[in-house]
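Participant: Kindly generate the complete structure, drawing on both the sequences and the hints.
Protein chains: 2
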Amino acid sequence: MKILGIEHIGVAVHSIDERAAFWEYVLKINRTATETVADQGVSTAIFDTGKGKIELLEAIDSDSPIAKYIAKRGPGIHHICLEVDDISSAIKELTENGISVINETPSVGVEGYFITFIHPRSTGGVLVLVELAQKQKP
Amino acid sequence: MKILGIEHIGVAVHSIDERAAFWEYVLKINRTATETVADQGVSTAIFDTGKGKIELLEAIDSDSPIAKYIAKRGPGIHHICLEVDDISSAIKELTENGISVINETPSVGVEGYFITFIHPRSTGGVLVLVELAQKQKP
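Residue numbers (the numbering used here), protein chains in the order written: chain X, 1 to 138; chain R, 1 to 138.
Relax, there's no trap hidden among the hints.
Which copy is meant is left open, because identical chains are indistinguishable; a pair holds if it fits in one copy or across any two.
Heads up, simulated DSS-like pairs for lysine-lysine below, C-alpha to C-alpha not over 30 Å straight-line:
1. K92 with K137
2. K135 with K28
3. K92 with K28
4. K92 with K2
5. K92 with K135
6. K135 with K68
7. K51 with K135
8. K28 with K51
9. K2 with K135
10. K2 with K51
11. K51 with K92
To be clear, the hints were calculated from the coordinates, so they are not data collected in a lab.
Facilitator: Here it is, written out as structure tokens:
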């Protein structure tokens, strides 16, 4: 498995409209995308530092993982996403080493990345959620 | 203020010894430093993806911010650190815009970076802790 870098940090928020100004106008990080991932029940806004992105996550469905997270813990840093060169081989290598992943077949996330999440029991706790993502080839 | 990228993500852990293997041997991210920051009461281990670092933080003092964080919430992603070109001008710009910082005079953090933290009331909550860091000139 080859980690290429921190792709993004996911931050759970009550409202993207309320929180976007801090990242865009106070920190002056370029807002590059706004996207809904219907099967995850979230709306996202992406701010690209040029070296890793900040992804704000707002629930659009009260049953979504982000809605449940905020209901339990409040808004906060939700996950770390690491870019990998090949997600299928990364999942194979992890599972062969006894590390559980949540999506054994990669799912499609924001910006078309192929993604999975490593099960928190393998990362040291529910609040150390690690996503792996592979960029789709053009 | 110019943000140069995600410098690192800080992860609060009970024990670096217990958690380092996941980052170093499972994810195969290069461990580049191990450092104690006495005035913060923490020991740190740094894993450099080449595009952003993961910094594990273990309390060495039961009164330290990391000890209190873990006692209250358990281990988890603790903060996002963004690299800036000039921390003094960043602090000046933030305070002029009504954004509070925790260290109005930059403190010296891990790897000699000049750092401050943005007050959580300006970032959307205590669990969205944002550090700014400027690399020391050689």
